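**Q** Chains as they are written, first to last, in the numbering used here: chain A, 1 to 405; chain B, 1 to 271.
Hints were generated in silico from the structure; no laboratory data involved. Treat the hints with caution; some may be incorrect.
[Claimed, not checked] Only pairs whose alpha carbons sit at most 30 Å apart, straight line, appear in this in silico DSS-like list of lysine-lysine:
#1 Lys359(A) / Lys192(A)
#2 Lys8(A) / Lys392(A)
#3 Lys8(A) / Lys231(B)
#4 Lys106(B) / Lys231(B)
#5 Lys277(A) / Lys392(A)
#6 Lys392(A) / Lys143(B)
#7 Lys192(A) / Lys136(A)
#8 Lys354(A) / Lys277(A)
#9 Lys143(B) / Lys8(A)
Just so it is clear, the structure is predicted and the values come from calculations on it, not from any experiment.
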Amino acid sequence: MMLLAILKISIRALQRNTLRTLLTMLGIIIGVAAVIAMISIGNGAKAQVEARIAAMGQNVAMVFSGNVTRGGFSMGFGSAGTLTQGDFDALRKEISGIVGASPEVRANAQVAAGNQNLLTTVMGVGEDYVSARSWKFASGDNFTDQDVRSAAKVALIGKTTATSLFGDGDPVGQIIRIKSAPFTIVGALASKGMAMFGNDQDDIILVPYTSAMKRLSGGTSFRSFVVQAAAPDLLPTVQQDISELLRQRHRIREGADDDFMVRTQQEITEAATETSKTMTWLLGSVACVSLLVGGIGIMNIMLVSVTERTREIGVRMAVGARGSDILLQFLAEAITLSFFGGLIGIGLGIGISKLVSVKAGWVTLVSTDSILLSFAASAIIGIFFGFYPARKAAQLDPIDALRYE
Amino acid sequence: MDGVRLAAAGSGAVAVASSMNPVIKLEDFSKTYQSGEVQVHAVRGVSLSVMPGEFVAVMGASGSGKSTLMNTVGCLDRPTGGRYSLDGVDVTQLDRSELAMLRNEKIGFVFQGFNLLSRTSAVENVELPLLYARGISGREQYKRAMEALEMVGLGERALHHPNQLSGGQQQRVAIARALVNEPKLLLADEPTGNLDTQTSIEIMGLFQELNREGMTVVMVTHELDIAHYTKRMLIMRDGRLIKDEAIQNPLCSSEELAKLHAEQSAVALAP
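Produce the complete structure using the sequences and hints provided.
**A** Below is the structure:
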């Protein structure tokens, strides 16, 4: 029998019970759609993490101050304030292979300009910070090392904050009041986009760290340093050198734990991509389970169909159908079911990921791989779960089948 | 397939003598089933020849072995003892697929319950055996199916589905399906069992006509008057052939139909 004829017969047989066919397909449709949607969400998250890490700057290492443990709970790195001005000066002077370094002080503060008033993140940083982060200026320029030394009341402003305070006008040259101290805006940063967990990287004001410590936070220690190495392959040495320097300065004995932490960008990248990869796999495997359930649905319906059509099978055998003809016919039906289910599922999956990115604002990436994967999976499911019912049909005895009521 | 060809070639002088070879040749045929612990002897040694152009009725009570006999003759089953040759091909040694191909080439089946595929048009039902034959194009299948339907007088109803046809018409479609692959043997299993008297006579008329044109017909029935439309009657009992006789004056379907009409109008006229 020709393949075309087999396909025609199986489509005819499936049309005979449209509702049942659709319900059976639904299992595969949902399975395939879930696989595609989940993988696209996972891939989107991964791409976003990568973008976020790229935004950290180039060849960057981070030094975090140690953590405080209060009542058994770690308060997180940076909470202890073990990094001092002395550490920073020593780091700048003694570590070779670095092109820039900046401390970070962070505070949330009330900021006002004219009659506008808002709460935002104010970061105290050094003059190297913006270039280490590879941030760009929309207008104006960076503050200078002179500004840092003199704790000048100058500020750089992020895009979101600028828009909130000044609308579309150029903020450079404007005066803002941070905790009632007037700061002059010398530079406006270009937009960097949304960060991983929805916090806006553009809702920020940067001031010299000296000004921040003197006028805003009042502290004397830093939560972290950002260090930029001259080249990527210098990073491990830089990391090692900083570690040794700080252990020496903090008088940490051999074998005792560090009261700080040095992380390179690569390490952070690896940890983050590992997390998002795990998430993709988790989502994907949950979706695969639903694909499997869809396959079992197909097997179930095919078994029912074989039983219902026992007489038809008997007639076909009586007029000359061989076991292999019957096997092919039922296998073709199962494959047709899963094939069309897979096609619809791919469409639905792409639709869902588009919808998620529009409605929830998550980045989704539909990959060709996931389409091919789920398509192959649905075809294999058709063959695998269709084979047993088809073989059952093929092995029927024509006499019994003809007599079946 | 090769086995079939070899067997046919091996019977020798095929071209010259094939019309003289019996269509059915059973030699001491027996069939034993294992039913749990018990051995059931369904057929115990039947020898029988049916020549081309014969019209045979097989009769017998249920359990007499006539169904087993018909299943074997129809190549749906194989004998457990003795030999069976269909049109010169020894069936005894063939496997399942070879039997299927033999049925496809040489046998046309007509069943009591018609066994048409529902929601499938008459012409597609008739095409069914050609679907499993090799090397027949779709167009050729359709052409031959239409010819077969016209032969049974249903050319105009080719696109009707079985549920749009009367019982007699359905059985005609089934007969067209049995004829479409030009078989050597037409096997009918109680073909009139589900039909009223008039339709039964019409169907028997169709069989008689096909037989006059040379078709070999073997029919199972339990109605004696139906058996009298054939030319030879076999009676089975307890797995044995107890009677094999020619029917001297077979009934003529057109005469019987005329008689039936006369009776019906007499009943209608009676006060």
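**Q** Decide, hint by hint, whether the structure agrees.
**A** Results for each hint:
1. Lys359(A) / Lys192(A): Holds, because 21 Å separates the two Cα atoms, which is no more than 30 Å.
2. Lys8(A) / Lys392(A): holds, 21 Å
3. Lys8(A) / Lys231(B): violated, 43 Å
4. Lys106(B) / Lys231(B): Given that 30 Å is the threshold and the Cα spacing comes to 22 Å, the pair holds.
5. Lys277(A) / Lys392(A): Since the Cα atoms of Lys277(A) and Lys392(A) sit roughly 42 Å apart, the hinted pair is violated (cutoff 30 Å).
6. Lys392(A) / Lys143(B): violated, 34 Å
7. Lys192(A) / Lys136(A): Holds - the C-alpha atoms of Lys136(A) and Lys192(A) are around 9 Å apart, at most 30 Å.
8. Lys354(A) / Lys277(A): It holds: about 21 Å lies between the C-alpha atoms, which stays within 30 Å.
9. Lys143(B) / Lys8(A): holds, 19 Å
Against the hints set out earlier in the document, violations occur for numbers 3, 5, 6.
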